[in-house]
Amino acid sequence: GAVVSQHPSWVICKSGTSVKIECRSLDFQATTMFWYRQFPKQSLMLMATSNEGSKATYEQGVEKDKFLINHASLTLSTLTVTSAHPEDSSFYICSALSASSYNEQFFGPGTRLTVL
Amino acid sequence: KQEVTQIPAALSVPEGENLVLNCSFTDSAIYNLQWFRQDPGKGLTSLLLIQSSQREQTSGRLNASLDKSSGRSTLYIAASQPGDSATYLCAVRLNNDMRFGAGTRLTVKP
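Heads up: the sequence lines are chains U and H, in that order.
At position 22 of the first sequence (counting the first as 1) the number is 275 in my numbering, and the numbers step up by one without a gap.
At position 7 of the second sequence (counting the first as 1) the number is 8 in my numbering, and the numbers step up by one without a gap.
No lab work stands behind these hints: they were computed from the structure.
We treat Cβ as the ideally placed atom computed from N, Cα and C, and that holds for glycine.
Any given hint could be a false lead.
[Unchecked claim] Label pairs and their computed distance ranges (CB to CB):
id: 1; chain 1: H; residue 1: L20; chain 2: U; residue 2: P362; range: 25 to 33 Å
id: 2; chain 1: U; residue 1: C266; chain 2: H; residue 2: D40; range: 20 to 28 Å
id: 3; chain 1: U; residue 1: K317; chain 2: H; residue 2: N64; range: 36 to 44 Å
id: 4; chain 1: H; residue 1: N23; chain 2: U; residue 2: S326; range: 38 to 46 Å
Work the whole structure out from these sequences, hints included.
Written out as structure tokens, the structure is:
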């Protein structure tokens, strides 16, 4: 149990286009989901916290107009990178908080974004 | 602001050796601490989760300890194998907020 999926697993896009990444909790409901970004050989940095039905809370330095987060249901959160640029190329990982499992966070497999 | 530090940044050992990875954090008011493994280009694999009320957790050849008052955790790997080669990440949770260390890159040589 407690599986989190992400789609797509990798994406290549042209500079200036928008990319949507989906994060789903497959067998549990997640009132809170998190989005992280990981640059090569660096650790995960929290970008934003997403609560179902409300606006996301962004970490300092993360542009909310560039990284649009929607958490419309208890099993789905989406991250849209708008007007992507090469510096947005990174590994994006989501996680979902399971209230029924000691509030443990379960992580998705990540999405590799490459912006040309 | 919670800061998580992992030492060493990289470690190379011969197969069969026992080893210890270290993690320290600045704010002891954590909810839990978790150790993850990450293979190159892949997502995170949870290894051990220690709740704030616990002192250690064990799974197979892995043992993780937690000393909240001193802000430290260790991950002990017994009888290391080449398949253990990966980056090991420590993360602490304050309320709903999880913060990661930079990781220790482990190489186990056959």
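Q) Measuring from beta carbon to beta carbon, are U:K317 and H:N64 in 36 to 44 Å? A) At 41 Å between Cβs, range holds.
Q) Is the hinted range of 38 to 46 Å satisfied by the C-beta distance from H:N23 to U:S326? A) Holds - the Cβ-Cβ distance for H:N23 and U:S326, about 40 Å, lies within 38 to 46 Å.
Q. Does 25 to 33 Å hold as the CB distance between H:L20 and U:P362, or does it fail?
A. 27 Å, holds
Q) Between U:C266 and H:D40, does the beta-carbon spacing fit 20 to 28 Å? A) 25 Å, holds
The earlier numbered hints are all upheld by this structure, with none contradicted.
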